[in-house]
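Those protein sequence lines, which keep their order, are chains B and S. If you want the working numbering, it's the position in the first sequence, counting the first as 1, plus 27. If you want the working numbering, it's the position in the second sequence, counting the first as 1, plus 170.
Keep in mind that a hint or two might mislead.
Label pairs and their in silico Cβ distance ranges [as the list claims (entries may be wrong)]:
hint, chain 1, residue 1, chain 2, residue 2, range
1, B, P126, S, S332, 40 to 48 Å
2, B, T196, S, A525, 51 to 59 Å
3, S, K377, B, S179, 19 to 27 Å
4, S, D283, B, R379, 51 to 59 Å
5, B, F64, S, E581, 41 to 49 Å
6, S, S332, B, K156, 56 to 64 Å
7, B, F169, S, R411, 28 to 36 Å
8, B, K177, S, G438, 54 to 62 Å
9, B, K177, S, S332, 24 to 32 Å
10, S, K523, B, V162, 53 to 61 Å
11, B, V162, S, G471, 42 to 50 Å
12, B, R154, S, G559, 54 to 62 Å
13, S, D283, B, I347, 29 to 37 Å
14, S, I564, B, S179, 35 to 43 Å
It is worth saying that the hints were derived from the structure and are not from the lab. Every residue, glycine too, gets a C-beta built ideally from N, C-alpha and C.
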Amino acid sequence: MFYREAGDFSTTYRQDNQTFPIKFDRYRYYAVLAVAFLVVPFIVNDYWVNAILVPFLIYSIAAIGLNILTGYCGQVSLGTGGFMAVGAYACYKLMTGFPDVNIIIHIILAGGITAAVGTLFGLPSLRIKGFYLAVATLAAQFFLVWMFNKVSWFYNYSASGQINAPERTVFGVPVTGAQVEPWAMYMICLVFTFACAVIARNLTRGTLGRSWMAIRDMDIAAEIIGVNPLKAKLTAFAISSFFVGISGALFFAVYLGAVEVGEVYGIQKSFIVLFMIIIGGLGSIFGSFAGAALLVVLPVFLKLLGVDLLGWPTDIVAHINLVVVGLLIILFLVLEPHGLAQLWRVAKEKLRLWPFPH
Amino acid sequence: MKLKLTTAALAALMAAGPAMADLVFPSLSYRTGPYASGGIPFADGYADYFTLLNERDGGIGGVMARVLECETGYNTEKGVECYESTKGEGSLVYQPLSTGITYQLIPKATADDIPIHSMGYGRTSAKNGDVFSHVFNYPANYWDGASGAINYLLESNGGDISGKKVALVYHNSAYGKEPIRTLEELSAKHGFELLPLAVDHPGQEQKSQWLQIRRERPDFVLMWGWGVMNQVAIQEAANIRFPMENFIGIWWSGSENDVLPAGDAANGYKALTFHGVGSDFPVFDDIQKYVVDAGKAAGAGDQIGTVLYNRGLYAAMLAAEAAKKAQEIHGTADITAAMMRDGMEALEITEAKMAELGLPNFGPTFTVSCANHGGDALVGVTQWDASAGTWSLISDFKPTDQDVINALIQEDSAAYAAENNIGSNCN
Numbered sequence: 028m029f030y031r032e033a034g035d036f037s038t039t040y041r042q043d044n045q046t047f048p049i050k051f052d053r054y055r056y057y058a059v060l061a062v063a064f065l066v067v068p069f070i071v072n073d074y075w076v077n078a079i080l081v082p083f084l085i086y087s088i089a090a091i092g093l094n095i096l097t098g099y100c101g102q103v104s105l106g107t108g109g110f111m112a113v114g115a116y117a118c119y120k121l122m123t124g125f126p127d128v129n130i131i132i133h134i135i136l137a138g139g140i141t142a143a144v145g146t147l148f149g150l151p152s153l154r155i156k157g158f159y160l161a162v163a164t165l166a167a168q169f170f171l172v173w174m175f176n177k178v179s180w181f182y183n184y185s186a187s188g189q190i191n192a193p194e195r196t197v198f199g200v201p202v203t204g205a206q207v208e209p210w211a212m213y214m215i216c217l218v219f220t221f222a223c224a225v226i227a228r229n230l231t232r233g234t235l236g237r238s239w240m241a242i243r244d245m246d247i248a249a250e251i252i253g254v255n256p257l258k259a260k261l262t263a264f265a266i267s268s269f270f271v272g273i274s275g276a277l278f279f280a281v282y283l284g285a286v287e288v289g290e291v292y293g294i295q296k297s298f299i300v301l302f303m304i305i306i307g308g309l310g311s312i313f314g315s316f317a318g319a320a321l322l323v324v325l326p327v328f329l330k331l332l333g334v335d336l337l338g339w340p341t342d343i344v345a346h347i348n349l350v351v352v353g354l355l356i357i358l359f360l361v362l363e364p365h366g367l368a369q370l371w372r373v374a375k376e377k378l379r380l381w382p383f384p385h
Numbered sequence: 171m172k173l174k175l176t177t178a179a180l181a182a183l184m185a186a187g188p189a190m191a192d193l194v195f196p197s198l199s200y201r202t203g204p205y206a207s208g209g210i211p212f213a214d215g216y217a218d219y220f221t222l223l224n225e226r227d228g229g230i231g232g233v234m235a236r237v238l239e240c241e242t243g244y245n246t247e248k249g250v251e252c253y254e255s256t257k258g259e260g261s262l263v264y265q266p267l268s269t270g271i272t273y274q275l276i277p278k279a280t281a282d283d284i285p286i287h288s289m290g291y292g293r294t295s296a297k298n299g300d301v302f303s304h305v306f307n308y309p310a311n312y313w314d315g316a317s318g319a320i321n322y323l324l325e326s327n328g329g330d331i332s333g334k335k336v337a338l339v340y341h342n343s344a345y346g347k348e349p350i351r352t353l354e355e356l357s358a359k360h361g362f363e364l365l366p367l368a369v370d371h372p373g374q375e376q377k378s379q380w381l382q383i384r385r386e387r388p389d390f391v392l393m394w395g396w397g398v399m400n401q402v403a404i405q406e407a408a409n410i411r412f413p414m415e416n417f418i419g420i421w422w423s424g425s426e427n428d429v430l431p432a433g434d435a436a437n438g439y440k441a442l443t444f445h446g447v448g449s450d451f452p453v454f455d456d457i458q459k460y461v462v463d464a465g466k467a468a469g470a471g472d473q474i475g476t477v478l479y480n481r482g483l484y485a486a487m488l489a490a491e492a493a494k495k496a497q498e499i500h501g502t503a504d505i506t507a508a509m510m511r512d513g514m515e516a517l518e519i520t521e522a523k524m525a526e527l528g529l530p531n532f533g534p535t536f537t538v539s540c541a542n543h544g545g546d547a548l549v550g551v552t553q554w555d556a557s558a559g560t561w562s563l564i565s566d567f568k569p570t571d572q573d574v575i576n577a578l579i580q581e582d583s584a585a586y587a588a589e590n591n592i593g594s595n596c597n
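Hey, can you work out the whole structure from these sequences and the hints?
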C-alpha cells in the first residue's frame, strides 16, 4: 500500500539510479539520519554511548570493511583484528608524533596506512583461495599482534606496552581523552560511520563493486569476461582494510582510550566481526549494521534481562550469551545463509505486495 | 501479553529503585573465561566479607553494604560497560582485578570523581597520589614485588647474587611487562643477569620458553603470570626438573589453582604475598557462622580460605575500613564516592585494628597519605607444601628497595602528568 514503486516517477537517470528507489524507503532513510544526527546527540548519556552506541557504530565500520572483502569479493579474512590494530597504532603514532594536526586527519591517514598493509597481506590472495587464504590472513593477525607487542617503537617505549590516547579536539570540543562528553564521542563516530557507509554503498553499486562480485561468483568466468583479478582483489583488500583501519583507530582513540594489543585486537576480534557479517548478511551494507547491532546489543540485553531483572548469577548469564551467539550462527548458516539482510529483503518483498499478496 | 508486560515493567521498577540508601561496592568480577580460576575465589571473598558485615554488624556504620557484581570476563570492553552501568548506582570504589581495565578506568574514574583501588596490580606509578588523585594501590605494587623477590634471593644467598642469572617468565601484556624496568635497575645494582621471557595470552603454550630456560640454565626463575599460564608454567618447570625452591611467582601466581595440577612436583614452589594465608584467623569462624551456615556464601562457597579468596576478603576489608574512615571524617554514615576517596587517603591499618577485625597479623601495617597512595610496600614470601596441600608464610612482610622504586615512580608519574596536563594534587 505505502511501500511500492507505483506513482514514483523518475525523470532523470540520476533519479533512476538512486540508492533507495522506493519513496517510503527513502523517507525512512532520511528519518533515521535525522534522528541519529539531530535527536540522539541531545538525549544520550554516558551509559548509552559507552555500552551500546559507540561500539555499535565502530563495529559497523569494521563489518562494512570485512563485508567488502568477504561478502562482496569472496575473499575470506581472519585478519580483521590485526588490521584494526594497524589502524590503532598508526593513529597513536600520528597523534603523538604530530600533535598539532587534527585528529580527523589522523584517523583517515590511519585508514590509509592500514590499506597499504592490507594490500601487502592481500598479495597472496592472487595465488591462493578459500581456506588457504583464511590461514594466510590468520598469519597476518598473529604477526601484526606479535609485532605491536614486540617492537617498542610502536608504543613509544612505554613500560607497560600500553598505548594511551592523549586529548585531541575537533572544533575545540575534546573527542579523545578523559574529558570527552558523551555526545561528542557519539558524533565523531557517527560522522565516520555515515561517511564510510555512503562510500561503501556507492562503491559496491559501481564498476568496482561489480567486478568484486564477479570475482566472488566465479573468478575464472570473471577473468574471461575481462575483469582483472589482480586489480579487483587488491582493491578489495585495500578498501576493506581502509575501513577496518578507521574502525580500529576509532576503537582505540575514541572508545577505549587505552589499549593493549593482544587483549583488544586479538583473534577474538577477528571472529566477532566475522560473526557480525555472517549473522547480518554477507554482501550487504545493511547486513553489516544489523549484525553489528545484534552482537553489540545482545550481551547487554541478556545482562539486563538475566542479571538485573531475573537476578541470575553473572557467570550463568555470560555463559548463556556464548550459547545464544553460537546457536544464532548455526541457525543462520543452516536456515538463512544470507543473514538478517535477507530477512529484511524478504520482508520488503512481502510489504510491496501487501495487502493483496497475489 | 499485557499482563506479562506489566509484570516485567513492575519488576524493572522494583529492581531499579533501591528501597533505602546503601553503600554500593561494585565488584567487576570474572567468573568466566581463561582467568576465571583466579576471578572466582576473589569475587567470592569480596562478596562474603560484605555479607558478613551486613549480617553481623548491620552494615558499615549502620548503613548496609551492597555488592554490585558485573561480569567482565577480563575483557576491557566489558569492563567499560560494567563501569558505565554501575557508576550511576552510587558506586564508592572500583576494584577491577585487571591491569588492562584499571588503565582504562584511571582517566574515566578520575573525571567522575570515583576512587579506584588496584590492590597489587594496575599502574604502579599510581602510588604517587600527587598525580593520580583517585587511584590507590596499597599495600604493595608490582615494583615492590620485583624488589621483594630480589631481596628474598639476596637474603637466602648470603647477600650476594652477582653473576647469577635470573629469568623472568611474564605474561606478554601491560601486567607482565610492569616489573621489567625495576628488575633491569636492580640487575645493574646487584650485578645479576636478567633474562626476560614473554608468554603470550592466555599462556597455554610455553614449550619454547622453558626450552630456553633449560638451555640457558638460570639460577632463579621469577614469574609474572595469571590464570592458566601459572599452571602450565609450574608443570613445565616440573617437566624440565627445575628446582622448585628457586622458582618464585608474583602474588598472582601463587594460589592453590596454580600448584595443584602439577601434584607433588610443585612441592616447594614459592610465591610473594602481601596478606596472610590459610583460614586460621578468627574472622573465618564468623564467616562460617554468619555467611556459610546461613546459606549466604557467594558462588559455590567452596573457596573459603584459599589464597585468592583471602585476597578478595582483604580487599573488601580495606574498602570497608576506608568507608568507616570516610564516615568518621565527614560525620555522615551515608558517604559518597568523593568522601570514600578521602577515607582511602586517610586509611591507616595497624596491628591493633587487624586484631580487632579478627585478622591478626593478616597483612602488613601501613598508612596512606596524599603523596603516598601505595602504602609501605612490605612484601612476604609463601611456600607451597604439596603433601599437606597448604601455603605457608616463610618470610615475613619485609621492606623493599624504595630508593630504586621511588625514582622510577617519580619518573613514570611525571611523564603521565606531562602527557595529560595534570597539576599537583597534594597542596
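Can the suggested window of 28 to 36 Å be confirmed for the beta-carbon pair F169 (chain B) and R411 (chain S)?
-> holds (31 Å)
24 to 32 Å as the expected CB spacing between S332 (chain S) and K177 (chain B), which holds or is violated = holds (30 Å)
When you take the CB atoms of R154 (chain B) and G559 (chain S), is the distance between them in 54 to 62 Å?
-> Holds, at about 57 Å.
Beta-carbon spacing of F64 (chain B) to E581 (chain S) - inside the hinted bounds 41 to 49 Å or not = Since F64 (chain B) and E581 (chain S) have Cβ atoms about 46 Å apart, the given range 41 to 49 Å holds.
Outcome of range test on Cβ distance (D283 (chain S), I347 (chain B); 29 to 37 Å) = holds (35 Å)
Using the C-beta atoms of P126 (chain B) and S332 (chain S), is the stated range 40 to 48 Å upheld?
-> holds (44 Å)
Range hint compliance [Cβ, K177 (chain B) to G438 (chain S), 54 to 62 Å] | For K177 (chain B) and G438 (chain S) the Cβ distance comes to about 34 Å; the hint is violated.
Is the gap between the beta carbons of I564 (chain S) and S179 (chain B) within 35 to 43 Å?
-> Holds, at about 37 Å.
Has the hinted range 51 to 59 Å been met by the Cβ atoms of T196 (chain B) and A525 (chain S)?
-> holds (54 Å)
Whether the CB-CB distance between K523 (chain S) and V162 (chain B) falls inside 53 to 61 Å = Because 59 Å falls inside the window, the suggested range holds.
So does D283 (chain S) sit 51 to 59 Å from R379 (chain B), Cβ to Cβ?
-> Roughly 55 Å apart at Cβ, these two residues keep to the hinted range, so it holds.
Taking the beta carbons of K377 (chain S) and S179 (chain B), is their distance inside 19 to 27 Å?
-> Given about 25 Å between the Cβ atoms, the range holds.
Checked against the numbered hints above, the structure violates only hint 8.
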